[in-house]
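These protein sequence lines are chains A and G, in that order. Heads up: take any position in the first sequence, counting from 1, add 778, and you land on this note's numbering. Heads up: take any position in the second sequence, counting from 1, add 1328, and you land on this note's numbering.
I should point out that these hints are in silico values taken from the structure, not numbers from a laboratory. All values reported here derive from a predicted model rather than from experimental measurement. Possibly wrong hints are sitting among the right ones.
Label pairs and their computed distance ranges (CB to CB) [what the hints assert, rightly or not]:
1) Lys800/A to Gly1368/G: 13 to 21 Å
2) Gly1344/G to Lys835/A: 45 to 53 Å
3) Thr798/A to Ala1406/G: 41 to 49 Å
4) Glu1345/G to Ser845/A: 44 to 52 Å
5) Thr1358/G to Thr798/A: 32 to 40 Å
6) Ser1379/G to Lys796/A: 37 to 45 Å
7) Gly794/A to Gly1344/G: 49 to 57 Å
8) Glu793/A to Glu1381/G: 47 to 55 Å
9) Lys819/A to Lys1354/G: 14 to 22 Å
10) Gln1337/G to Phe805/A: 29 to 37 Å
11) Gln1337/G to Thr855/A: 31 to 39 Å
With the C-beta cut set under 7 Å, the calculated list includes, among others, these residues of chain G facing chain A [what the hints assert, rightly or not]:
12) Gly1370
13) Pro1371
14) Leu1373
15) Asp1420
16) Gly1430
17) Thr1431
Straight-line distance between alpha carbons at most 35 Å, and here's what the computed DSBU-like set of lysine-lysine pairs gives [claimed, not checked]:
18) Lys1354/G to Lys835/A
19) Lys800/A to Lys1354/G
20) Lys861/A to Lys787/A
21) Lys1384/G to Lys849/A
Virtual Cβ for every residue (Gly too), placed ideally from N, Cα, C.
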Amino acid sequence: GGIITQTPKFLIGQEGQKLTLKCQQNFNHDTMYWYRQDSGKGLRLIYYSITENDLQKGDLSEGYDASREKKSSFSLTVTSAQKNEMAVFLCASSNRGGQDTQYFGPGTRLLVL
Amino acid sequence: SQWGEENLQALSIQEGEDVTMNCSYKTYTTVVHWYRQDSGRGPALIILIRSNEREKRSGRLRATLDTSSQSSSLSITAAQCEDTAVYFCATDDQGGRALIFGTGTTVSVSP
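Chain G with its partners taken away, still in its complex shape:
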């Protein structure tokens, strides 16, 4: 499997809190994708971070990539109820044509 340490399976937080989820991967990758999946829908990309970037931000989202430790993290600042979703990380496969997805982290944000 591409994934070493499993994603943390579930996180429950209150509105306004910050949350971070982590992924570690086994083989070299040039890019890490972070997707969110809302209930009953397909995943949607929220951040894509490449191997020449250590950090990338999009609104309240922040992704980091550490190629030396082969790990990536996604942080949500001041979480809102609408951030409730399953978050997946994914890396490109050896051929660069497909993605390998982690098992996902369920984030539940309550008022």
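Isolated chain A (complex conformation):
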């Protein structure tokens, strides 16, 4: 088995601040994903990466940057945090994209004051 680790677990930021979220997986999966989940809603894809140094935009990429420097890690940056923003950011990985199970981390909970 494997595990996905997300850090930090909670992130409190200020309006306009640049914030970075990190994700590590030890499944040796090629594809990694970042999703945003707002309270009571589904998951929306921000970025994904099919291999090291690859980046693909999802529907919600505006306002975010991502980086896949190693196969095992995938970072997400909120380029300018919005006041009163509150969401959970979920990282996932899979072996064969949409054809296979996606394994999720526990999430990073963001609150912008």
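Based on the hints, put chain G in the right spot on chain A.
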């Protein structure tokens, strides 16, 4: 949006009852994933059903897939309190590299 008819938003049932939730999707998919998400945790796959399968079972869970009507259902038989969670369906996107999630169904099972 990939999703036509929205998932039913919330279902409240008693232990021992059966429950079914449905998803319909707009564009062709080769696979439908069903995930459950417990409070404070990331989603976890419970059933994955492919386009060449009409039905798939896992314990008390049963998923169906009707490619002609572009719909899928998830049923829980004899629900237990521990089945309380949010259930999401998801399909692969056009490129097959990512998933498109529905908005989810909150299932609450009371004793």
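Checked hints:
A hinted range of 13 to 21 Å holds for the C-beta pair Lys800/A and Gly1368/G, which are about 19 Å apart. Judged by the Cβ atoms, the range 45 to 53 Å given for Gly1344/G and Lys835/A holds: they are separated by roughly 46 Å. Under the hint 41 to 49 Å, the C-beta atoms of Thr798/A and Ala1406/G, about 45 Å apart, fit the expected range. Distance hint check for Glu1345/G and Ser845/A: the Cβ-Cβ separation is about 47 Å, which falls inside the suggested range of 44 to 52 Å.
Checked against the hint of 32 to 40 Å, the C-beta distance between Thr1358/G and Thr798/A comes to roughly 35 Å, which is consistent with it. The given range of 37 to 45 Å is respected by Ser1379/G and Lys796/A, whose C-beta atoms sit roughly 43 Å from each other. Restraint check, Gly794/A to Gly1344/G: a C-beta distance of roughly 53 Å satisfies the suggested window 49 to 57 Å. Between Glu793/A and Glu1381/G the Cβ separation comes to about 49 Å, which falls inside the hinted range of 47 to 55 Å.
The beta-carbon spacing between Lys819/A and Lys1354/G, approximately 19 Å, falls within the hinted interval of 14 to 22 Å. A hinted range of 29 to 37 Å holds for the C-beta pair Gln1337/G and Phe805/A, which are about 32 Å apart. Taking the beta carbon of each, Gln1337/G and Thr855/A are about 33 Å apart, inside 31 to 39 Å as hinted. The restraint placing Gly1370/G at the interface with chain A holds, with a minimum CB-CB distance near 3 Å, inside the 7 Å limit.
About 5 Å separates the beta-carbon of Pro1371/G from the nearest beta-carbon of chain A, less than 7 Å, and the hint is met. With a cut of 7 Å, the hint placing Leu1373/G at the interface with chain A holds, because the nearest CB-to-CB distance is about 5 Å. Hint status for Asp1420/G: holds, given a least beta-carbon distance of 3 Å to chain A, under 7 Å. Residue-level restraint check for Gly1430/G holds (minimum Cβ-Cβ distance to chain A is 6 Å; threshold 7 Å).
Annotation: interface hint on Thr1431/G holds; nearest CB of chain A at approximately 4 Å, less than 7 Å. For the hint pairing Lys1354/G with Lys835/A, the CA-to-CA distance comes to about 21 Å; that is within 35 Å, so the pair holds. Under the criterion of a C-alpha separation no larger than 35 Å, the hint pairing Lys800/A with Lys1354/G is consistent with the structure, at around 34 Å. The straight-line distance between the Cα atoms of Lys861/A and Lys787/A is roughly 20 Å, inside the 35 Å bound, and the hint therefore holds.
Distance check on the hinted pair: Lys1384/G and Lys849/A sit about 33 Å apart at the alpha-carbon level, within 35 Å; holds.
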